[in-house]
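The primary structure of each chain is shown beneath.
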Amino acid sequence: MTTGAAPFLTVREITMDFGGIRALDGMGLELSQGEVKCIIGPNGCGKSTLFNVISGDLYPTSGQVLFNGDAITGLSPQKICRNGIARKFQIPSVFDDLTVAENIEIAMTSAAKHYAPFSLMRGGPDRSRYGPVLAETRLLEFGDKPAAELPHGIRQQLEIALLVVTDAQLLLLDEPTAGMTEDETDAIVHMIQDVRDRLGVAVLVIEHDMGFVRKLGSPLIVMMEGAVLREGDYAAISEDARIRQAYLGEID
Amino acid sequence: MSGYSRQLTVLFWAALIASPLFLDGWNLGLLSQLMIYGIFALSLAFIWGQGGLLCFGQSLFFGLGAYAMALTTKDMIPGIPATTLTGLGLAVILPAVVAGLLGLALFKGRGLYGAYFGIVTLSAAVIAERLAINWSYIGGFNGLLDIPPLRVGWGSWQTELYDPLPFFFVVLVAALGIYLLLLRLERSAFGTVLRGIRDNETRATFLGFETAEYKAAAFAVSGAIAGLAGALFAVQFAFVSPAILGFALATEVLIWVAIGGKTVLLAAFIGAVAVKSVENVLSDTLGQYWLLVLGLLFVVAVVLMPRGLLAPFLQLPLPRALRLSGSKEE
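One line per chain: the protein sequences are H and F, in this order.
As numbered in my numbering, the first sequence has no gaps in its residue numbers, which increase by one up to the final residue, 253.
As numbered in my numbering, the second sequence has no gaps in its residue numbers, which increase by one up to the final residue, 357.
Each hint should be verified, as a subset may be incorrect.
Stated by the list, open to error - Here are the simulated DSBU-like pairs of lysine-lysine, each with C-alpha atoms no more than 35 Å apart in a straight line:
hint, chain 1, residue 1, chain 2, residue 2
1, H, K80, H, K114
2, H, K146, F, K135
3, H, K114, F, K135
Rather than coming from a laboratory, the hints here were simulated on the basis of the structure.
So that you can see chain F by itself, here it is in the shape it has in the complex (with noise of 0.2 Å):
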């Protein structure tokens, strides 16, 4: 099932690596966008897949990346040094902050499961859409436009960057960097811990664990890696609205995850970056219906290929330290 999977993986981010060779500017750009929508995915599949927690408002923490990102770069909030460095960082600190508190504040005590979670994060995401339309300091309705591009270097040596190879390459870092991140949280004690409280949580909770904490981290770690996109986002388009704190964005993301997969980090990149080329493509010709298209290959993905349709060829083997069965001698 999984014979091929790790040179599949290999070769995958070697050609994302070796892409500049083949492609132009402007492809290398739409390249990026849909890497960027691969990070977002990736930060969903991680608490779907791993977690099995069902975020419907991921776009929240995508969005208050993007937005975080905006402000900070063009000097918006107050005390706050206008660089690069600092809109990252707030882009990511605060939400993995507003993840992580949510986190807390639902699953403690009793805790919500399953579509509950869903429905709050939903609503959660939906608020801070109309919010973010009526607080005007933030553009309101019309968003934040001429967000300043990334700038490197120090003191008299800086250089922003415009042009469509640099930022690539740092849209490239970011999401092998982030996808091995993930990976390696997966693989260690604290993934195996988090896939047992998605199993089962009361067997969890009788041996001792914390699974709220468990929960609310791992949902701080997803926060984070969506409001990453979300800052990389807004540099790319120099445009934020709400519409991508809102509802569409997160039913979309959820539809690209469970299509290549949410068990598979991978998978779920890929799902991104496959369905909207695949967008890119089709909704000139068909228009509407893209969005009929979308929708049957959904309903295949889940009824057909509940795990996804990339994540069988794509599941890597356990960590090696796990890998033990009584044919192997010690």
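The following block holds chain H by itself, in its conformation from the complex (with noise of 0.2 Å):
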């Protein structure tokens, strides 16, 4: 783990009040470049509306996002991937009628920074590079499938591909092996602890299965009604009385 002058990712006592409920109540967290980070909790604990403030999807009622030491909070979430940090949905969101080359592609002309479309005028992204990133991202067998067509965990990969393709620093992946069968799960292992590895890009993962948690062997991190409920590697927390109460023991 790497440490900068300016910390990478600060997340400062955000609070978010849906109406009367408050999801999110002083939810703080840190995390340094390169670093992979898993956070667990149980259903309704304000994992997805974290996901959701960061990304700028949500505007928090207070408190702070800091990114390369910028204060994000309230950018559009066009602005904050191209600040770079891109986010994998939930529900796993591809370009389903588009072939995965296509999928590339759009991938490719953001990394390019055509974010408008005026600037295409003067040229597209290189399309000679879609097959070596194809072979490199493990798609190419599917280059020419219609990402709806792809198995579960395949699409999956692919859209982790999109995001590492537009060269995010920073990787939010909602429930990534969600669905999944244990050989999936372990290719979306792998492709984490190689984009953290070769890259050196950072990942939040959010995770129910425990399975997934200990094979990535990252911290973790513990969210309960909308606050941090402790930190530590995967041995303590599972130790942990309190927690094997509230969420471990609910899965074995």
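The two chains are supplied separately, each in an independent frame; assemble them into the complex guided by the hints.
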């Protein structure tokens, strides 16, 4: 774990109210560059709301998100993405009608910063790179298939690949292995470790599957009622009686 | 599925280019008229098929182009010289600007989706029709007559394109040029992003794209092309009336494109040509019942063949750079 001068991602005292319901209650966390952390917690504890706040989908009632030292709270999702934070949705969200190669073209167009259409008049992304990119993300064999026809696990991989291709520095992955077989889950674990080790990308993962969490082997953040209950590694968390009772006990 | 689509596409255009060898002046004029409707259909197919925007008021841009051409060439706009070129220029730019601004207004912020977008564009077309009816300077309900033909050449060497053959070639060049331009756009990264937005706008937003600007740009291109079709229409008929701005034509073009197939440009073009030709033949014998036949055909196309009757045969393969799979070596 490298520690730069300014912390990479700081979530500070975030509170998010929906009417009378407080989804986040003084939530805070820190993440270094190239670090992977897993967020676990029971349904309704505010995990996805936290991602919505970081990615710009929701404006928090109070609190701040700092990325590379700059406050990004209140920026639009587009701007936050351009700053290098890319988000994977809980329900697989790729371009289903388009082929895998076309999906990659969209991500490459974003990587080439053609966020608005007029810059494309001076030329688009380099199409000769799509093949190598597909090979790197192990999606080449599916290149000409519509994304809708992919197996569930490959679709999830495709969505993560789209985020990686945009040169994001931080990935927010919301339940990337939901509904997956064990082999597919392992592929996601490898993918996350690979982008961390090879590209120095930091990853925040929301996950329910404790098998996945154990295999990933990253520090855990346990959330409860909109705040951090505890942080620590898998062994320490799994021995915590409070958490076993409140959360892990429900699964085993 | 698309085994012969490339050959069929080339064959179709070759047949159009060769058609003066087989057709007399009257039928060439008729074919020019059909191709103008085809260009109009291309404009809707681009925004609907690629952008996923069901524009229910495409006639607004067709009509704007027609009126711009008519008013310019009849020297009714102070400060703008009455030439074919300025007329065509205005007929393209005015609808493009209107479509672009309308697009930005509708798509920015939370944005309008699906049927709501259709309703607003329909309303815009109906409002424009009412305005044209009540605005006496542009002819009011009666419209404008005696629109001059296209005039080409420089200085003292100028000629008017009265004859069907030269006009046919002007329309053919416009149709083929627009087809190739839209095809190029569709097969570029711009087209892919546009289809991506059609498919999953949230994902596109969360990849950093200004989706409203992409859609507005596509809408402006579509408006420009509809405007050019309108200008050619005004020249051929030498007459424009408020009806070409309004509901009836907007619905007609929608039906042509749905029957041909909205996702394939050439299918939409042929859809317009085919439906209009059948209408020319059948409306004499069937009279009012023609509309019933057309309506049934539309329902059949939408329910049984949602991709359109022709699109499956004319869908071109993706550009080579995007045809990647494991079986081929890089």
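Status of each hint after checking the structure:
1. K80(H) - K114(H): holds (11 Å)
2. K146(H) - K135(F): holds (33 Å)
3. K114(H) - K135(F): holds (20 Å)
In summary, the structure agrees with every hint in the numbered list given earlier.
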